[in-house]
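**Q** What follows is the residue order along each chain.
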Amino acid sequence: MTRASGRHLGIRATAYVAGEPVPFFWPMRSFIHHNPLHGLEHLPFAQAVERGGALFHANGFLPRARYQAYLADGSVDRHALAGEIDAFAASHPVAGIDLSAWARVLLEQVSAPICRPSPLVAPEQVHRVLRGQPVETLLDGAAMARAHLQAELLGARPVYDAVDALFATGIGEALDDQVVRACLGFFDEGQSVWGMPDREKGFFAAWRAVAGRRVRAFLDRIETGGPPLSPEQVIDHVMRSLDVPEHLWAGCFTQELVRLHGWAGFIRWRASATHYHWAERHPADLVDLLAVRLTLARLLLTERARPPAPRDRGDLERLIESRPEETFLRFDLHGGGILPAMAHRVEAGLARGGAGIGPLFESYIQAKRDAAVRAQARALRDLAERAGEGAALNRLGVAEVAALIAALRDLEADEGMIWLRAMEAKAMNRLLDGISLEPPPRRDKRPFVQAAFCIDTRSERIRRHLESVGDYQTFGIAGFFGVPVSLIELGKGSETHLCPVLLSPKNLVLEMSSIERSDEAAMTTLGRAMHKLKESVLSPFVTVEAIGLLFGFDMIGKTVAPRAYHGWRRQMDTPRPNTHLLLDKLSREQADSIVRAVQRAVITEAVAHELGLEPEAITDDIVRELREAALGNADLDTDLAVALSVGETRLREIVMRLRTTYRINASFAEFQMEQLGRIGFSLEEQVGFVRQALSSIGLTEDFSRLILLVGHGSSSENNPYESALDCGACGGNHGLTSARVLAQMANKPEVRRRLAERGIPIPDDAWFVPAMHNTTTDEIRLYDLELLPTMHLVYLDRLRAGLTSAARLCAQERLPSLDVTADRHDPGAAFRGTRRNALDWSQVRPEWGLARNAYFIIGRRFLTQSLGLDGRAFLHSYDYRVDTRGRLLENILAGPLVVGQWINMEHYFSAVDNDRFGAGSKAYHNVAGRLGVMTGNLGDLRTGLPAQTVLDKGAPYHQPLRLITVIEAPVDQARAAIDHVVAVKRLVRNGWVRMVIVDPVTAITHIYDESGWVQRPVAHAVREELIAS
Amino acid sequence: MATLPTYALAALFLPLFPLSIVFNRGLSALRRDWMRALVLLVWPQAGVWILSHAHGAPPGWLNVWAALTALLYAYRALAVREAGIWIGFVAVSAWALLWADPARSHLLAIQALGLSLPLAVAVLVTGVLERRFGAAHTALRLGLATTAPRLAALFVIAILAVVATPVFSNFFVLVAAVARQAPVMPAMALTVLAVWILWAWSGARLVRGMVAGPGRPAAGADLTPAAAWAYAVLFVGLAGAGISVGGLLL
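First to last, the protein sequences are chains E and Y.
Take my numbering: the last position of the first sequence gets the number 1073, and nothing is skipped along the way.
Take my numbering: the last position of the second sequence gets the number 321, and nothing is skipped along the way.
I should point out that these hints are in silico values taken from the structure, not numbers from a laboratory.
Among the hints, a few may not be true.
What the hints assert, rightly or not - Simulated crosslink set (SDA-like; lysine to any residue; CA at most 25 Å straight-line):
{"hint": "1", "chain 1": "E", "residue 1": "Lys966", "chain 2": "Y", "residue 2": "Pro285"}
{"hint": "2", "chain 1": "E", "residue 1": "Lys489", "chain 2": "E", "residue 2": "Asp808"}
{"hint": "3", "chain 1": "E", "residue 1": "Lys997", "chain 2": "Y", "residue 2": "Pro220"}
{"hint": "4", "chain 1": "E", "residue 1": "Lys997", "chain 2": "Y", "residue 2": "Ala128"}
{"hint": "5", "chain 1": "E", "residue 1": "Lys966", "chain 2": "Y", "residue 2": "Arg279"}
{"hint": "6", "chain 1": "E", "residue 1": "Lys536", "chain 2": "E", "residue 2": "Gln634"}
{"hint": "7", "chain 1": "E", "residue 1": "Lys997", "chain 2": "Y", "residue 2": "Ala299"}
{"hint": "8", "chain 1": "E", "residue 1": "Lys966", "chain 2": "Y", "residue 2": "Ala283"}
{"hint": "9", "chain 1": "E", "residue 1": "Lys629", "chain 2": "E", "residue 2": "Ala713"}
{"hint": "10", "chain 1": "E", "residue 1": "Lys997", "chain 2": "E", "residue 2": "Val1015"}
{"hint": "11", "chain 1": "E", "residue 1": "Lys1029", "chain 2": "E", "residue 2": "Leu198"}
{"hint": "12", "chain 1": "E", "residue 1": "Lys966", "chain 2": "Y", "residue 2": "Ala224"}
{"hint": "13", "chain 1": "E", "residue 1": "Lys997", "chain 2": "Y", "residue 2": "Trp300"}
{"hint": "14", "chain 1": "E", "residue 1": "Lys489", "chain 2": "E", "residue 2": "Pro807"}
{"hint": "15", "chain 1": "E", "residue 1": "Lys966", "chain 2": "Y", "residue 2": "Gly284"}
{"hint": "16", "chain 1": "E", "residue 1": "Lys792", "chain 2": "E", "residue 2": "Gln634"}
{"hint": "17", "chain 1": "E", "residue 1": "Lys997", "chain 2": "Y", "residue 2": "Ala224"}
{"hint": "18", "chain 1": "E", "residue 1": "Lys997", "chain 2": "Y", "residue 2": "Pro285"}
{"hint": "19", "chain 1": "E", "residue 1": "Lys997", "chain 2": "Y", "residue 2": "Ala283"}
{"hint": "20", "chain 1": "E", "residue 1": "Lys997", "chain 2": "Y", "residue 2": "Gly284"}
{"hint": "21", "chain 1": "E", "residue 1": "Lys489", "chain 2": "E", "residue 2": "Asp515"}
{"hint": "22", "chain 1": "E", "residue 1": "Lys966", "chain 2": "Y", "residue 2": "Pro220"}
What the hints assert, rightly or not - Computed list of chain Y residues with no C-beta within reach of chain E, every gap over 10 Å:
{"hint": "23", "residue": "Leu90"}
{"hint": "24", "residue": "His126"}
{"hint": "25", "residue": "Pro129"}
{"hint": "26", "residue": "Ile156"}
{"hint": "27", "residue": "Leu211"}
{"hint": "28", "residue": "Ala275"}
{"hint": "29", "residue": "Phe306"}
Everything numeric in this text was worked out from a predicted model, so none of it was measured.
Using N, Cα and C, we set each Cβ at its ideal position, and we do this for glycine too.
One chain only, chain E, in its complex shape (with noise of 0.2 Å):
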C-alpha cells in the first residue's frame, strides 16, 4: 500500500466513522420508522439525547410549560415527581435553603428556565444585587470574550459557518442550497423528465461534470494539469487549505454531514444497501457527498469572505486573537445573542470600526452583564418569593448563592429526564394497576372465530371491539407472521421485501393471475397519457390550455363528494384480478423445464427478428438445434443453414448473438436456476413457519373452525406519507400478502400432518383465511374465499357481520380523535367518516397512525383484556409455558420488540422537536426525486413525522414517552432472554426502553430502573404453578 492510498483511506474511514450518528433515511415508498439518535443508542438515553441536541440543534425534551400542562392534565405522577425533586435536591446540598421546595416550585410553577449557563454571570456579582449593590465593572472582558469565541467557534465548527456567526456572510445556507441542487440532481428516481448525465461515474464525478465553472476552474487548478483527483484527495486538499488540524477533521465532518442530515441519512443507507437498483446504477457514497460539499465551500469562503473576515482556520484563530473584542461583537450582533437595547449602536459601531470598537466593548460589554447579573438575581428572588424562602435567601452568603446557582443550572439540564420519568411513572402505573394474571375460566368449546392481528397499536382497538361484539379469541403476531418473503407482484417486474428491514427475506413468493391479461381500460389509459403529458418539458403549456378543465372536474370530485367520485372512478378503472401464490420450491426438474421454456421462447422472438422470418418457419427442430448449439452442446449442422435459409457464416453469427445480446449460454442459465431456486419455500420450512408463528403466539391447541390471519393497511389520498401508516413489520407495505403466504402454508395436508407430529394438532375442519384490516377506515376485508371448505361457506354471514360492527364501534372510538365534530353517539356515521378520510385528497391526517404507542406487551391476552389501552399498546402474544428454552421471547425481543422500540423513538423525537427531528407540516412538502419530501421547493429530505402525526394544534398529541415493555414470563427466564438478545439488553440497560417483566408464578413485577430491577407485587393476581421448568 502506497502511502497515499494509505492516506485515502483513511480518510473513508474517518468520513464512515463521522457518519455514524446521522441515522439511516430509507425512500418514503417503504417508510420504515427508525430512531434519529439510532447511532447514539450505545450511551445511556439522556446522554445521547444531550450530545444528539448538540449535533442537530434539536431539543430532546419537550418546554417546560408543555410538561406543566402535563402535570396539570394528570399525566404525570405527582408522588414520582416528588420522589425525583427529592432524589436531586438530596445530591446537590445547599446549606440554609430547603432545595426540594425551591425545585418543585422552579419546575411546577416557573415556565421557562431561568439559570442558562453564561460566562457574565459570576454568583458574587449576584449576590451583590441581591444585597441591593451595584455590579462591579468587568475587569478584564477581552480575555474572557477571547475564552469564549475560542470554545464557540474554534471546536469542530466549520470555517465557514464560524465566518457566517461573526459576518452574516451566509455561506452556509448557500452552501446548503448548491449541495440540495446537486442531491436532487444525481439522486432522482425517475422524477426528473432529463437526468443528471453521467452518473454511473459516481457523484462526485457526475457534479463535477456539470458543475459551474467556477468549480472545474478549481479543480482543474488543484489537479494542476494531472489526472482527475479522486473524493479523498479533494477532501485532503481543501481540508489542508482551510488550515483544520487532522485531530478534527471527523468531528467537522460530521458536522458537515448533520447539516442536511435527511440527505446525508439517504446516502449512508444507499451506500449500505444491498442489491438498491438505484445504488448499483449510480453509485455514491458519504465520500462523495463530502467532497462536493468541501469543494464548495472553499469556493464559498474564497468568494464571499472578504477581509477582514477570515477564509481558513488559522486566519480565524489570529483574529480572535488580535481582536477579540470586535469578534465578540460581531459573534452576538450576527449570533442572536446581541442586547437589544444596543443593537442598532453595536451595528452602527462594528461599521464604523477603528478606535471606537474598544470603549463600545467596553459598555457593551457591561451593560450586557449588568443585565445579565440583574435578571439572575431577580430570577432568584422571585422565585424564593414563591417558595416561601425569601428570607433564606437574604441570609446566603457567596458561597450559598454560587452553590444554588449550580445546582438549579443542573436540575434545568436535567429536567427533562426528570418529567420524563414521572410521565412513564404514570403511564406505567396505570398499566400495572390493570394488569390481570387470573386467567379465564376453562372454556367447554372452542371460539367461533380465532383471529391473528399484526402487534400494531392500531389492532388493539379492533381486536379489543371484536371480542366484544361474539365469540372471538384473537392474538397478537407481527404482522409478516414470522414468514419473511420475497413477493414479485402481479404484473410488476421488482421485488418488494415483506419483513422488517432487520431480516433479508431468502424466499422469493411469485403472484399470479389465471385471467388472461386483457386491454387496459379507457380511464387507465387515459390517467397514463395524461401523467406523460404533466412531465414533457413542453407538453405541460399547451396541455393546461387545451384540457385544463378536465382536471377541473376531477378536483371538484375529489374535493366535494370524495366518496361517491371514488366509487364511479372505481367502475372505470380495470378491476384487479383474483390471483394465487407460487408458494411451493419447484424441483429441479420443474426449474429446469422452465428455463428451457423460457430459452426457446426467446428463440424463437430473436431468430424471427435477426432473419425476418414468419413463426410457422420456425419449427420446434430448428429452436432445439439453436439452443444446443448456443449452449454449447453440439456443433452446427449444415441441415441448419438450409432450414434457415443463410450461410454457414451468418448462422455462426446468429449463434453468437444468442450466446452474447440473447444470453442464451451455460452461465446465464445457472443464474436463472439459481433465481429460479429462490422462489417458494420447502415443505419443511413451510412446516417450520407456521410452527414457528403458531408457537409464537401461544396457539396450539384447540384450534377453532376459522382462523383469520389478519394483514393491515392504510388507504389515503395524495399523501407521500402513506406507507408509514402500513405495516412496518411489512418493510412499510401492506400485510395481506404475508397473511395470504402463512395461510396458504397452514391449510396444507401435509403441513398439518406434520404439525401434527411436532404437537400440533390442526383439526381437519380449521380453516386459515387470509384478510386485511384496512387502518384508515377499519374494515377488515377477507380474502381468498374461493379456497374455504364448502362447509364454511354457512358461517360467513355470521363472521361478516361480526367484522362490521367491530369496525364500526372502532370507528366511533376513533373519530372524535380526528374530528372533533364527529358524533360520538353514531357508529354508522363515524364509519362513515373514516371512510371520507381514505377517500379525501385534501385530508392531511387520515388517520393517527402508531401516534400515543406507550406499551409493548408481550404475554397472554387476558393480562390487558379488560383494559382498555385506546390504542397505545403493541400487543404480541406469548405464551412462556410452550417456550421452554426461551427461544420464541428472544426472537420476541430481538425482531417485533426492536421495530417497536424504533417506531416509539421516532415518535417520541419528532413530538418533542418537529422541526429538527420530524417533517414539520405537510402542507408545505414538496416530493423530491420519488425518494422523500422537502420543506419548500428546495432542502433538507424531511426524515421525521410530520407534525400532523404527531401534533394536535401545536401541541403534541403524541405523549413522548419510552417504550414501557412487558413481558408475562417467570422472572430468570425473561432476564436470560434479555441477556441472550445483546441489542435488547443494551436498550435496557441504556434506557432507551423501559422494561418490566411481570412473573405470573410469583405474582411479582420486576421494573428495571436506572439503578436496576425493583420489584412490586401485582394487583389482581392469582399464582401460577410454573409449568415450563
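Could you slot chain Y onto chain E? The hints should help.
**A** Frame of chain E, contents of chain Y only:
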C-alpha cells in the same frame, strides 16, 4: 416670503438630504411610540404648509434633488435592520416624492397624510415589539411566526401598509403620482416606481429577519387576542382611510 429660505425650511420638514439627518436623528431620539407617530403625522404637514406659502413651483434642480433623496433613502432602507429606523428612512423617501408633484398643491396635505398614516400605525406596532423584546432589530432573531404568531401577523400587515400595498392610503398616493407624471415627466414616474420597488424589497428583508426562522419561545411574548383584535380594528380603519384618500386623489 423669500423663496429660497422658504424652500430650505420646507426641505427640513419634507426632508431632503442632508437636512433629512435632522429628522431621522430626532425621530430616533423619541422614546415613546405615540410621540413618534404624532411626529410622523405632523412633521410633513408643516412642510406642506411652508411649501404652499412659497411663491411659484420649486425649481427643477430641487425636484431632481428630491427624487435623488427619495432614491437614496429607499436604497439605504435595504441595509437597515432596525424597524424604527427603517420607518424613518421610508418616511424621508416618501415625503421627498411630494416635491416632485407641485401641480396639485391643493391636495398636497392629503397626499402627505396619505403617506404618513401607514407609517404612524407601523411605528405603533414597532413600539409593541420594542416593549416586549427590547428592540425591533433583526439581529435579535425573534422568529415571530413561531414565537408570537399574532404579533407576527400584525407586523407583516404593518410592513405591507408601509410599502404601499393596496388598499392603504400611500398606495393611492403613489398610483396617483405615477398616473399624473407618466405623460409629462416619465422619468419622474419611473423614479417613483423604482422607489416603490426598493421599499417593497427592503420591507421583505425586514419581514424575513423578524418573522421567519426559529425563535426562542418566551412566555407572554405574543399579543393577547383582545389586543390583536384592537390592532385589527386599527388596520381596518387605516384601510378605510386609504380608500377615502384614494377617492380624493383618483
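**Q** Taking the numbered hints from earlier one at a time, note which ones the structure violates and give those numbers from smallest to largest.
**A** Hints 4, 10, 11, 26, 27 contradicted; others consistent.
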